[in-house]
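There are 4 protein chains.
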Amino acid sequence: MQPAVRKARASSREAILAATEKLMAEEGYAAVSTRRVAKMVGVAPALVHYHFATTEDLLMALFRKLTEASRAETIAALAGPDPLKALWALNSDPGATVIIHEFMALSNHRKEIRAEIAAYVEEMRVIQAEALAASSSAATGGDARQFGAMGLSVLVAGMARSLVMEGGMGVTLGHEEAQKIITVLIDAVREGKVTLS
Amino acid sequence: MQPAVRKARASSREAILAATEKLMAEEGYAAVSTRRVAKMVGVAPALVHYHFATTEDLLMALFRKLTEASRAETIAALAGPDPLKALWALNSDPGATVIIHEFMALSNHRKEIRAEIAAYVEEMRVIQAEALAASSSAATGGDARQFGAMGLSVLVAGMARSLVMEGGMGVTLGHEEAQKIITVLIDAVREGKVTLS
Amino acid sequence: MQPAVRKARASSREAILAATEKLMAEEGYAAVSTRRVAKMVGVAPALVHYHFATTEDLLMALFRKLTEASRAETIAALAGPDPLKALWALNSDPGATVIIHEFMALSNHRKEIRAEIAAYVEEMRVIQAEALAASSSAATGGDARQFGAMGLSVLVAGMARSLVMEGGMGVTLGHEEAQKIITVLIDAVREGKVTLS
Amino acid sequence: MQPAVRKARASSREAILAATEKLMAEEGYAAVSTRRVAKMVGVAPALVHYHFATTEDLLMALFRKLTEASRAETIAALAGPDPLKALWALNSDPGATVIIHEFMALSNHRKEIRAEIAAYVEEMRVIQAEALAASSSAATGGDARQFGAMGLSVLVAGMARSLVMEGGMGVTLGHEEAQKIITVLIDAVREGKVTLS
DNA sequence: AATGAATGAGATTTCATTCAT
DNA sequence: CATGAATGAAATCTCATTCAT
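Chain order of the listed sequences is Y, C, R and X. Numbered per this note's numbering, the first sequence spans residues 174 to 370. Numbered per this note's numbering, the second sequence spans residues 174 to 370. Numbered per this note's numbering, the third sequence spans residues 174 to 370. Numbered per this note's numbering, the fourth sequence spans residues 174 to 370.
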C-alpha cells in the first residue's frame, strides 16, 4: 500500500500530469483513473483531486498543456521552407499524435470535452491553411489546378493520423503506396502545378 | 428498478446485440457495460452473460455481425461501375462507419481484439485494391501517372474515416475543400490520367 | 458455448457424480458448482438440477456413493490378518482420503450435511474397533497395557489423515518419525505387549 | 441498508480483521466475503478493499496476526516444565486451533496461500521438537525406546487437531480412550521409559 | 500541500435455481 | 431425459469523490 517511489519532485502537480500523459499514451484514455495516476506518481489518490477537482479537469489540463506545446511546434514547423512536408511530418509523429488521437476518441464519450478539442482542431487548421497559402509560390501559369489550402490541410493531417492509427494496430498494407501519393501531391503543390487558394 | 420496456422481442440475444450497437455508436465503446446493455434491453444483467460469456465476447460478436454486413455491402458496391466513388461513399456513411471507428479505438486498449480488427481492415484493403485495379480503364495516354491501387484504397478509406470522425466532433472546417480534392483525384483516375498498378 | 465432448454415456447421472468427485478432489468442495459440473460433463446446467434438486443433494449423493464403496473396502481390509496395519494403509491412501477430508471441511460450512458425515465417521469407528478388539491376540501375560480399541482406531485414523493432509500441503517434516512411532505401537499390539479392550 | 451498529471503533482495520476471524471460526473460510465482513463491521464493502486490496490479502493478514500470537503462546508453553503436556493442551484448544484448521483447509484451494501456511507448520514443528528434545530427561534406563522428537511433535499436534476437528462435527466416540493413549505416551516419555532423540 | 479514511455506485462475473418446452 | 432462457443474489474489485486533519 505504500507509495511507489516518491522521488523528490518539484511539483506533484506536474508529476500527476506527466503520469496521466504516460498512462494515456500507453494504455489509452480509459486507463486514466485517479487511483492509477496516484499510484504511478507515488501519491495518495486524494492529492490528485486536490490539484484537479474532477477527472475531467485533469484530462483538460493535460489537453491544454499538450496542445500548447503542439501549437508552438506546429507554428515553428510551418515557418520553415516547406510547410506542407513539415505538416506531414508533424502529424506523422506517433509520439505526440497518439495522445491527440486518444483525446479525439475521448471526445466521443465526454461531451463536455468535445467542444474544446474541436476548437483546437479548427484553430490548427486555420493556422496551417494560412501558412500553406502564404507559402504557395505566387503561382505560375498554365492550367495549374487550384486546391483549397484548408482542404489540403485536412487531407494531410487526416492521412497522417490515419496511417499512425493503423500502424498502431499493426496494419501497414498499402501505407507505402499511400505515402507516395501524398508525396506526389505535395510535390505538385511545391512545383506550382497545383496552387492553393 | 423495473425493466424499462420489455418489448415483445423475438430473441433477446439479438436485442442485446442491437443495444450494444446503439450504445457504442452513441456513447462510445466505453459505455458498453453489462448493466447498461441489460437495462436498455429490459432484461437482467445476468442474461447478457448467459448469451455472451464475457464482455469481450459480446463486443467481438457485434464486430463480426457488423463486419459481415459491411463486407457484403463493400463487395456489392465495388462491383458497380465506379468503384472509387462507391468506396468513398461507403466509408463516408456515418451509420456503419462510426462503429468501426469505435472498434479501431477499442483495439488500442484490448490487445486481444486488436488482431481480429487489423485482419479485417487488411482484408477489406485487399478486396478494394483488387476491385480498383480491375476497374481502372486499360487507360492509355501520355504521361499518365501510376498510383498503387492499394495506396489509393488507403487514402480514400482513411480520408473518409477522418472526415466522419471530425464531423462527429463538430469539426467541418475545410471538409468541403478536402472532398473536392478527393473528387479531383477520383476523376483523374476515372479519366485515365492516373492509372492504377 | 458448446458442450465439451458428449461421450456416449450410459447415464448422465453417473457422469455428473463422477465429475463432481473429480472437481472436489482436484479443486476442493468450493469448486463444485452446478455450472462447472455441467461444463465438465458436457451437459446443460439445468440437467444437474434435474437429477439433483439442490447442490446439497448432489453433494450428499456423492458422499453416499463414496462411503458405500469405502465402507465395503474397510470391512474387507479389517477381515485380513493384520487389521491395524490395514487400517493405517486405508486411511493413508490419498486417493479416497482427500475427498473424505473435503467432506469433513465441508461439514463446517453446511450444517445440514454435518450430521450425516458425523454418523458415518462414528459408524466406521465402531466397525474398526470391533475388528481390532476381535483380532487382538487373546493376549498374554505380564504387565501388558490395555488400550481401548476405539481409542486406537481414533489414533490410527486421525494420524493417517493428518499426515495425508499435511503431505498435500507440502509439509513432510517429521512424518517418517511419526510413522515409526505408529509402527512401534502397532507392533506392540500385535505382539500382545499391549492388548485391546 | 443502514450499517448495522456503527460501533465506536478504534480502528476499522482491526474491526475488519476481528470480523473475519469470527466468520472464519463460526462458518468456515468460505463464508469470508467482502460483503459479509463489511456488514458485520457495519461499514461499506469498499472499505474492506481499502484496507486489504484483495480478499487474499485480508486472509493472509489475519493468518499472520493469528500465527504471531500463536507462535508466542507456543514458545511460552514449551518453556514450562512439561512441554509435551503443554503442547497437547495448546493444540487441543478449540479457540485458536479451529481457525488454523480452516487455514489448512483453505490452503488446498488457494495455492498462493499454501506456501505460507506450510512454512508456519514446519516452523512450529521445529520449535516444538527442539523444546521436547531439550526437556527429555537425560534419561537412562534399560531398554528405553528412542522416539524422534519431531515425530512425537507430529503425533501430538496431529492428534490434537484431529480430535478438535471431529469434536467440531459432533463426533466424540473414542476420544476419551484416544486421549488416554496419548497420556500414556506422554507419561512414558516423561518417566524416561521413552527418550527423545 | 498532502493524506487516511470512508463511501456509493458500478463493473464483471458466477451461482443456484426455476420454468416452459 | 434434456435443454434454453431467464433471473436475483452475491462475489470481487475499481472508481470518483468527499472530508477531516
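Treat each hint with caution, since some may be false.
Given that identical chains are not distinguished, each listed pair holds provided it fits within a single copy or across any two copies.
To be verified - The list that follows gives simulated cross-link-like pairs (lysine to any residue, SDA-like), each with its CA atoms no further than 20 Å apart:
#	residue 1	residue 2
1	284	308
2	353	295
3	366	354
4	284	199
5	284	209
6	366	356
The set of hints was computed from the structure by calculation and includes no laboratory data. Keep in mind that this is a model prediction, so the values were computed, not measured.
Hint check results:
no.	hint	verdict
1	284 to 308	neither (37 Å within a copy, 43 Å between copies)
2	353 to 295	between (27 Å within a copy, 19 Å between copies)
3	366 to 354	both (15 Å within a copy, 14 Å between copies)
4	284 to 199	between (23 Å within a copy, 11 Å between copies)
5	284 to 209	between (23 Å within a copy, 18 Å between copies)
6	366 to 356	both (13 Å within a copy, 17 Å between copies)
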